[in-house]
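Number of protein chains: 2
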Amino acid sequence: MRKFTKYITLLFTLFNLAAYADDGYRLWLKYDRITNPQVLQNYQQLIQGLMVTGDSPTIKAAKAELETGLSGLLDKPVLIVQKLTKGVIIVGTYSNTPILAGLKLESELKDLGHEGFLIRSVALEGKNAIIITANSDIGVLYGIFNFLKLLQTQQSIANLDLAQSPKIQLRLLNHWDNLDRTVERGYAGFSLWDWQKLPDYIHNYYYDYARANASVGINGTVLNNVNANPLILTPLYLEKVAALADVFRPYGIKVYLSVKFSAPIEIGGLETYDPLDEQVQQWWQAKAAEIYQLIPDFGGFLVKAYSEGQPGPQKYGRSHAEGANMLADALKPFGGVVMWRAFVYNADVKEDRHKQAYNEFKGLDGQFKDNVLVQVKNGPIDFQPREPFHPLFGEMPRTPLMMEFQITQEYLGFSTHLVYLGTLFKEVLESGTYAQGSGSTVARVIDGSLENHSISGIAGVANTGTDRNWTGHIFGQANWYAFGRVAWDHELTAEAIAEEWIRMTLSNDPEVVKTVKTIMLASRENTVNYMTPLGLHHIMGWGHHYGPAPWIKDKFRADWTSVYYHKADENGIGFDRTTTGSNALGQYYPPVAQKYASLTTCPDEYLLWFHHLPWDYKMSTRIPSEKSGHTLWEEICYHYYAGAASVPKMQSDWNSLEGKIDPEIFRHVQCMLKIQAKEAIWWRNACVLYFQSISKRPIPADLAKPDKDLQYYQNLSFPYAPK
Amino acid sequence: MRKFTKYITLLFTLFNLAAYADDGYRLWLKYDRITNPQVLQNYQQLIQGLMVTGDSPTIKAAKAELETGLSGLLDKPVLIVQKLTKGVIIVGTYSNTPILAGLKLESELKDLGHEGFLIRSVALEGKNAIIITANSDIGVLYGIFNFLKLLQTQQSIANLDLAQSPKIQLRLLNHWDNLDRTVERGYAGFSLWDWQKLPDYIHNYYYDYARANASVGINGTVLNNVNANPLILTPLYLEKVAALADVFRPYGIKVYLSVKFSAPIEIGGLETYDPLDEQVQQWWQAKAAEIYQLIPDFGGFLVKAYSEGQPGPQKYGRSHAEGANMLADALKPFGGVVMWRAFVYNADVKEDRHKQAYNEFKGLDGQFKDNVLVQVKNGPIDFQPREPFHPLFGEMPRTPLMMEFQITQEYLGFSTHLVYLGTLFKEVLESGTYAQGSGSTVARVIDGSLENHSISGIAGVANTGTDRNWTGHIFGQANWYAFGRVAWDHELTAEAIAEEWIRMTLSNDPEVVKTVKTIMLASRENTVNYMTPLGLHHIMGWGHHYGPAPWIKDKFRADWTSVYYHKADENGIGFDRTTTGSNALGQYYPPVAQKYASLTTCPDEYLLWFHHLPWDYKMSTRIPSEKSGHTLWEEICYHYYAGAASVPKMQSDWNSLEGKIDPEIFRHVQCMLKIQAKEAIWWRNACVLYFQSISKRPIPADLAKPDKDLQYYQNLSFPYAPK
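Residue numbers (this note's numbering), protein chains in the order written: chain A, 1 to 723; chain B, 1 to 723.
Treat the hints with care, since some could be wrong.
Given that identical chains are not distinguished, each listed pair holds provided it fits within a single copy or across any two copies.
[Claimed, not checked] EDC-like mimics (lysine to aspartate or glutamate), calculated; alpha carbons at most 20 Å apart, straight line: (1) K723 - D180; (2) K426 - E499; (3) K674 - D194; (4) K674 - D246; (5) K553 - D348; (6) K649 - D702; (7) K649 - D200; (8) K167 - E430; (9) K149 - D208; (10) K167 - E491; (11) K362 - E322; (12) K350 - D559; (13) K674 - E239; (14) K149 - D509; (15) K514 - E495; (16) K678 - D194; (17) K567 - D382; (18) K678 - D200.
Derived from the structure by calculation, the hints contain no laboratory data. Please read these numbers as outputs of a predicted model, since none were measured by experiment.
Here chain A stands alone, though its shape is the one from the complex (with noise of 0.2 Å):
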């Protein structure tokens, strides 16, 4: 990649091939020099030299990324010093760097825990210095991290005081990736793990998936898929395993699997996988050790047990709880964890999908050891673009609960569609479980401080795969990004989140960072809309998650169909699941439940969610001040339009970006926003069309006719949709 001359970029506004310009490789992590003149010249006359301490692989690490950073965005050499003298960087372990004993910063540095960092601009021995500390040396990395950040979004540092620690211990992506480098719901190319040349061989890129990780504070990754292949546990994969694990651990990020329960008998010989079976626990026991010898700051495992076809202990009469804790006993010598995951639900129970996680966990709610976590979807159906958070945040208050988001867009267009993730995740994190009255948000369910528990985590389903910029969509980076920036501090905004990222990512000038902000933070709610408005939701295609499809019925699971969840009729539409329906409602506290369950004050966005209701349904009897005049019917048909014209709108205010924005990045966005606006139109026609075969009343007289039939849609085929 090397480098290339400054006149490329204005070959390629003379002819738009744009052969070497940014393929967006490098993620956020660019250290361009940077472009405001009296920016650069102020950053070059603060950072004069560099000072570190240490020699740890993560210290090299943290130096190296130091360097690379400060050369590219300040264009000069940096000066690596040994004393002190004006405008040096000081970087190191507090404990490991006598200069910085003057400063008393033990209570402080108390307070910022193992992975916390502190970054302050101090005065020694009478010069100006700027100190980069931390009680470990990943804490220093984290903290060369936000340094480099604060110069790329182009921050003053003239009086710095930065500490921060993450509110959140376990902040892990989960890779759906298989052994034979498919990966479930990946949309950006294969499998980053490239198992064939493991050991042996190291691509470059690991590093870089390491170091884009680190620098969002994201601390393990969980390498292979929930509906999980036994051999991965087997000598061959365990050496490709730590040799992973070899190449990210200077970043701080450990390495987990997920296990199949039954691996026992299918790797292992035996003839049960009968959880309280000694042989069984013996024999994870041995593989623990094993693992742990040769990785030996291996994570845990991650269990997709009795769900989906998933081999659990309920084979043989056990419970999750009894399944999880054999795991657990066997990780517990060596420091790992189980992460045992709630995402279960039964075509053979008659009960409504929404209730059937928390009937199966909220009883075994104090049953587990210590050391497991049980993982929970953000909402109880699957990723839609739109849930409720899930019943069970805050009604196991004895066990650690952590949460799962997903980044990858299986719901919410693949790589194709631009859905800035961080107001769903937001939204998820700042709901109001009421477990213990007001404030009892999901966050700090999660992060463990309303009920007091030792572990915390968060995981979120990653969305890498082997496209050139990682993600397919540039700015599925974005959710990338702002999944390892909410698991560190979930205070912050999605909009803050957002800003960092444009202008680490695309530019500072103040008209991109506004106009695409905009465009992020509307994106999702416009998705919503032109895919599940109102509350609708798991109408899309069967055998892939890609288009449209309500009107999926029969098939041999009614919960995989779309008029289970629907359940249009020519009454009406939507899921009853108050009292008189489902009463799904009466798994949360009562003041959600009162909420949601009363039409006057369940917001629009989960109307159909929770009620079925007329097509001719006035909206206007809700709350009348603000509702318009339309029956439900209308309503639906107004946000499909609504969502489809939000598209043409993001593209021109993507097109007013021209020449502000790399070429090759515009032209990408430029690319995907024209399939995103094909297939909102294709999302809002296929629904109002079905809905209407049923509801039997016109399209209103303002919105434009489809200009196909439904049997058209219905008829789409994509023989090899990724899946």
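Assemble chain B onto chain A, guided by the hints.
Just chain B now, with coordinates in the frame of chain A:
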């Protein structure tokens, strides 16, 4: 990718992170500042400005490439001039560049044909200039790439006079890419073609793929696997194919498709695919018209018929010629060609597989329409590390035979072994068929000059994929490069091509050039020695073609086993293809047949390919002066051991270049060689131990005994090895 500071390289020698070093994406099209100051100064003096005539997409591409290339290599902006000044480069087709008229180049250009080009230092109006001209836009583009190569390889440009035109007309890549993005025999990630996002989303690497191909003169690409999915011919996919064709067109690259012969049933709704059926003929005619409506310069069809389960005209008692001609008639009105593969062999036919293609095709000579080429693999079996040339070459004088080489290393260690194929390509092309006496080389059959054909072609099965460096192993790039160069000019030596590639890709440092050239030129023979020495062949694994498995037997197809080919028994080893055996040699012209039939003249390389010999056969009885006193068994052992020992030698040679090569590329090759060294021993041990289990003879005492036993190797399993 933009700009990175010059300090990066320095940093990476300090800390081997190599985040932004050379990841190989740019292939051989690197335009970094010329490192030799004298050369740089000289070029800067001789190149003062640029005058380009024309504005077709191809000329625009040529201009952009030249501007990018020159501004990078010369590290200064290139002045675009409107009138003649000193040191100007004049670019354009001859007819479109009036300033060249005075040079009277008409007759010279006539000889260069449609794709040739002329680069010459001239004086015009008393001013020194360099002209790059041609009869066509694409000729100009080829000239540009060749001119840039002169600079990249630091040749003198003082007195240029370079006229070139390709010797073979159709120079094609064959992609064995499936619609689900897997690649059959692809080892560099997944398919480049992102079908899901086409036609709307155009990856930037599509352009770079086209640039790379054009730079070596490749002018066509078959996008999909010869085991063809008929869906490629449906409107959904043709629209996507057309989008790729639009990208490739300015670079002179035509798109071709592999078609499934039974498509009229599968996607056409017919009840037959009999080529003599009128409805079938009409269906293909309509399909061709539909394709050309979308892609006016569509190249044509590649067909694998009646082979390895693929349907063919034989189903209806028709011949290959009848099948090919039916398609040829459909394409003829639009100028398309049919490439009909001769890679056929039938499990039900008891004849030596070596002979089957010849037996099926020889009698059809003269029966093919004039827009049909018969595409023949280089050897009679299947891309083995070494094969004698295919006996059909020279035996079908009235039919243009197209060469099919394999660039992807199906039987040559996938993308993990360094095997330069330039020597393999040349070995085949220079083989004498004796069809018209001496000088009747395979190359002259292929280029049409021996038999006066009006069309000619050569294809290489591509080794590209989504890996960031395109080919997995960076030396795989050399094979892509070498294929293109040999296709353009089969008289170039393997050594000259290697040197070009090294200089463009790695360094102009004489020591690098010399050392790497030595590695490359020996590499294929090294691999033959540790895999299949002395004419052994087809002894690889079952299910994948990665490792050794000479023990494969008793499968449902004998011709897919290893024992079918090596025929080792207690008496000896080798396939008798002389008159006492299958007499495959009878398919060659007498001078070839006689040479290979005689034990005194048959080269060691083909010994066991054509002869079954006793284990104790004295090698010295063949050509005593040259031969050792070894028995055949011992000779086999020594070859395997010499092959495996050659890799540590390559490693130490490579290691000697540390600091002279980009650190990321250096480390990449180091890793790969480490794998190759391990796997060479795997091949050696598995083969020697297996053959020993039959020969019952000791491994020569001076060779280290394998540290594992045969069973160990037989039990190895690689569930997800790429296939």
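Going down the list of hints, with the structure as the test:
1. K723 - D180: So K723 and D180 pass the 20 Å test inside a copy (15 Å) and across (11 Å) alike.
2. K426 - E499: within (15 Å within a copy, 57 Å between copies)
3. K674 - D194: Cα proximity of K674 and D194: across copies only (16 Å, versus 33 Å in one copy).
4. K674 - D246: between (42 Å within a copy, 18 Å between copies)
5. K553 - D348: within (17 Å within a copy, 47 Å between copies)
6. K649 - D702: Within one copy only: 19 Å inside, 78 Å across.
7. K649 - D200: between (49 Å within a copy, 19 Å between copies)
8. K167 - E430: within (14 Å within a copy, 70 Å between copies)
9. K149 - D208: Classified as within: same-chain Cα gap 16 Å, cross-chain 32 Å, threshold 20 Å.
10. K167 - E491: within (9 Å within a copy, 68 Å between copies)
11. K362 - E322: within (15 Å within a copy, 71 Å between copies)
12. K350 - D559: within (9 Å within a copy, 55 Å between copies)
13. K674 - E239: between (44 Å within a copy, 16 Å between copies)
14. K149 - D509: within (16 Å within a copy, 39 Å between copies)
15. K514 - E495: within (11 Å within a copy, 57 Å between copies)
16. K678 - D194: between (35 Å within a copy, 18 Å between copies)
17. K567 - D382: For K567 and D382, only the intra-copy Cα distance (18 Å) is at most 20 Å; the inter-copy one is 58 Å.
18. K678 - D200: between (45 Å within a copy, 10 Å between copies)
Checked against the numbered hints given earlier, this structure breaks none of them.
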